[in-house]
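Residues per chain, in single letters:
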Amino acid sequence: MRTRLAPWLTLGVPTVFLVALFVLPLLSMLVLSVWRTENYHIVQDWNLRNYWVLATDGAYATFLLRSIAMATAVSVICTAIAWPVAYGITLYGGRYKLLLTLGFAVPFLTGEVLRVIALQGLLGPVGLVNGVLMSLGAAPLRAIMYTNVASAIGLVYLYLPIVVTVIYLSLLNFDQRLLDAAKIFGASPARAFFEIAWPLNLFGTLIGFALCFIPCLSATLAPRFLGGPNGTLYGMAMAQQFGESGTWALGAAMGVVLFALSIAAVFVAFRTVDLRRTGFTGFGRG
Amino acid sequence: MSYISLDGVSKQYGAAWAVDRVAMAIEKNEFVSLLGPSGSGKTTLLRIIAGLEKPTNGRVLIGGEDVTDLPPHKRGVAMVFQEFLLFPHRTVRENLAFPLRMLKLPKTEADERIDWVLGILSLRGLEGRYPNQLSGGQQQRVALGRGLVGRPKALLLDEPLANLDRELRQEMEVEIRKHQTALGIPFIYVTHNQEEALSMSDRIAVVRNGRIEDFAPRAEIYDRPKTAFIAQFVGRSNRFVGVLKREGATAAIDAGAVALATADRPELKDGAAVAAYVKNEKIRLRTPETLRALGANALAATVKHVILRGAYAEYVLTWAAGEMIASRPRAEVEFSAGDAVVAHWDPADVDVFPEKEAAA
Chain A
1 MRTRLAPWLT LGVPTVFLVA LFVLPLLSML VLSVWRTENY HIVQDWNLRN
51 YWVLATDGAY ATFLLRSIAM ATAVSVICTA IAWPVAYGIT LYGGRYKLLL
101 TLGFAVPFLT GEVLRVIALQ GLLGPVGLVN GVLMSLGAAP LRAIMYTNVA
151 SAIGLVYLYL PIVVTVIYLS LLNFDQRLLD AAKIFGASPA RAFFEIAWPL
201 NLFGTLIGFA LCFIPCLSAT LAPRFLGGPN GTLYGMAMAQ QFGESGTWAL
251 GAAMGVVLFA LSIAAVFVAF RTVDLRRTGF TGFGRG
Chain B
1001 MSYISLDGVS KQYGAAWAVD RVAMAIEKNE FVSLLGPSGS GKTTLLRIIA
1051 GLEKPTNGRV LIGGEDVTDL PPHKRGVAMV FQEFLLFPHR TVRENLAFPL
1101 RMLKLPKTEA DERIDWVLGI LSLRGLEGRY PNQLSGGQQQ RVALGRGLVG
1151 RPKALLLDEP LANLDRELRQ EMEVEIRKHQ TALGIPFIYV THNQEEALSM
1201 SDRIAVVRNG RIEDFAPRAE IYDRPKTAFI AQFVGRSNRF VGVLKREGAT
1251 AAIDAGAVAL ATADRPELKD GAAVAAYVKN EKIRLRTPET LRALGANALA
1301 ATVKHVILRG AYAEYVLTWA AGEMIASRPR AEVEFSAGDA VVAHWDPADV
1351 DVFPEKEAAA
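Top line first, the protein sequences correspond to chains A and B.
Position one of the first sequence corresponds to residue 1 (this note's numbering), numbered consecutively onward.
Position one of the second sequence corresponds to residue 1001 (this note's numbering), numbered consecutively onward.
Be aware that a few hints might be false.
So, partial list: chain B residues that the calculated Cβ filter (under 8 Å) puts toward chain A [to be verified]:
id, residue
1, Thr1068
2, Pro1072
3, Leu1126
4, Gly1128
5, Tyr1130
6, Phe1229
Selected chain A positions facing chain B (in silico; Cβ < 10 Å) [unchecked claim]:
id, residue
7, Gly93
8, Glu112
9, Phe185
10, Arg191
11, Ile196
Computed Cβ-Cβ distance ranges for the label pairs, DEER-style [unchecked claim]:
id, chain 1, residue 1, chain 2, residue 2, range
12, B, Ser1038, A, Arg276, 42 to 52 Å
13, A, Arg276, B, Ala1216, 42 to 52 Å
14, B, Ser1038, A, Val23, 49 to 59 Å
15, B, Lys1074, A, Pro25, 29 to 39 Å
By construction, these hints were calculated from the structure, which means they are not laboratory data.
Each residue gets a CB set at the ideal place from its N, CA and C atoms; glycine is no exception.
Given the sequences, and given the hints that come with them, work out the whole structure.
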């Protein structure tokens, strides 16, 4: 009996959890997206008008494209910074490895709002960077004053710790001695990296990339506080539907579109990447 | 000029010397083993030859060229690792192709080489498998094949059989030696297993505390150990501690309950405390009534138990000063537990060393 109970318990609890807190809210969003809101009231008549608005009103497409561009740029930058950092920690961290990795997570100990506002104080027109520049008689950097660049800096700052941690964990499972083997068989250090270290950590890198990319798509705080008039991102617009404008049904439709897009991106990523080519051994023998 | 030379090679880690002033000369057709207990520095020495570690002092020469400052990928040597270290994201064929791709060999020649290796290592039919779909023995073969396929200047083997079971190990010993003879390149083989070293090598270097204790043909290492450490580490021996008495052409050792006789040791002082070693298989057993006729190098003992090893038997004996072991072929007269016997041996089979050195 015990052996029967264990799998039910270990797989059942997460299933209940997922259904109750993830699938059900998602379904409710789906339903809400085909209803309608009028004067802060939900009207239950089934229609696809919300999706029609999203498809025809150019602003939403702009927000979405801008968000995708922003999320791609931020994820690429985060990955590019995180790789050498995580690699350096595994190679030279010695007994401080864990401490160094945890150090990256310290900003998480404050709230996201606080972190964004602190960054605003740094980058804004009277912020630290421009304040110093101006007191030295130089022109202020306009590029970081309420622009998409400022948003990007904020998002990189917000999500870099996650990407570093994920890539670090991937590298922790990577047998560095494989690089020795590659070098012995004639690969220069750079060649050994791209032949061995990169493909064997591609899976981890993709997870890190996705964990940065997807929240960036729906980011609201960073563009609101750091972005300028041209800085409205999809997530920020979506949050507005649930807040100021009270058009919840449209917001729900935006959410559904975002979810479908994320799922599609993950699906494409996993279809393109051959897990075996990343040394993934979860298939067992045979 | 030897093919591979190590000239005063040392490696320092912190305050300790992992490798200490090692000088070795290895010929082109030689199979050499570095034999030593774990932590003796033999793997570090191998990694220095490979270029994976830089020596603190000294020079490494391969094929007459000073490679001390060359990185591993420019040395043209290959290596087989204890943990195999096959590339897990590559198939067998791709693993074997790796050294050839790095050499930028034309495709037809590369295919020929891969085919040759698949053939000599009986790997045909496994080309498309990934390493985790192979048994330990198959992985070992692929690792060996990856070492041979690039026709390296030398093959370095770091305890390659340690993760295999006994039968497979013996099979692979024969095979590895066969390939070395066929290819005519030096194999340098690191092991802590004396049987592996003895079965394959031309010469054995016994490594201890980062130094080469002795580097000599395998029979010499086994039959005429140069130091007490080698006498203890290579083969299985019985140890007797006593006082040396030099008597012209012979020397006698008074070990309390037994007297040992051997050839004179001019390097040892009269009256010195010494340890004498007699290998298990050099000890012969007879029936008790022969004791008086034998004199020195003989003692009365009782068989405590008998361990059957197949081709031979190990007799655990108790005598006046403790226990000892004699290994005898099964074809000889057999004794059983409780029998009274006489154990005796030849003066030539007694190895004597100063006791201070033996204790260290």
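Given a hinted range of 49 to 59 Å, is it respected by the beta-carbon distance of Ser1038 (chain B) and Val23 (chain A)? Given about 55 Å between the Cβ atoms, the range holds.
Interface hint outcome for Gly93 (chain A) [beta carbon to chain B under 10 Å]: Where the cut-off is 10 Å and the nearest Cβ of chain B is about 19 Å from Gly93 (chain A), the hint is violated.
Can we keep the Tyr1130 (chain B) interface hint, with Cβ of chain A closer than 8 Å? With a minimum Cβ separation of about 6 Å from chain A (threshold 8 Å), the hint on Tyr1130 (chain B) holds.
Arg191 (chain A) as an interface hint toward chain B, with CB separation required under 10 Å: Hint holds; Arg191 (chain A) Cβ to chain B Cβ min 7 Å, cut 10 Å.
Less than 8 Å between beta-carbons is the criterion; does Gly1128 (chain B) satisfy it with respect to chain A? Status violated, d = 11 Å.
Holds or violated: is there a CB of chain A closer than 8 Å to the CB of Thr1068 (chain B)? It is violated, given that the least Cβ distance between Thr1068 (chain B) and chain A is near 16 Å, above 8 Å.
Could you check the hint for me, namely that Arg276 (chain A) and Ala1216 (chain B) are 42 to 52 Å apart, CB to CB? With a Cβ separation near 48 Å, Arg276 (chain A) and Ala1216 (chain B) satisfy 42 to 52 Å, so the hint holds.
Verify the interface restraint on Leu1126 (chain B): the C-beta must sit less than 8 Å from at least one C-beta of chain A. Hint on Leu1126 (chain B): violated, closest Cβ of chain A at ~13 Å, above 8 Å.
Hint status (Cβ of Pro1072 (chain B) to nearest Cβ of chain A, threshold 8 Å): This hint holds: Pro1072 (chain B) lies near chain A, its Cβ roughly 4 Å from the closest one there, short of 8 Å.
Against chain B, with CB atoms and a cut of 10 Å, does the hint on Ile196 (chain A) hold up? At about 6 Å, which falls below the 10 Å cut-off, the nearest Cβ of chain B leaves the hint on Ile196 (chain A) intact, so it holds.
Is the gap between the beta carbons of Ser1038 (chain B) and Arg276 (chain A) within 42 to 52 Å? violated (35 Å)
Would you check whether Phe1229 (chain B) satisfies its interface hint, that is, whether its CB is within less than 8 Å of any CB in chain A? Check failed: Cβ of Phe1229 (chain B) comes no nearer than 30 Å to chain A, outside 8 Å.
When each numbered hint is compared with the structure, violations occur for hints 1, 3, 4, 6, 7, 8, 12, 15.
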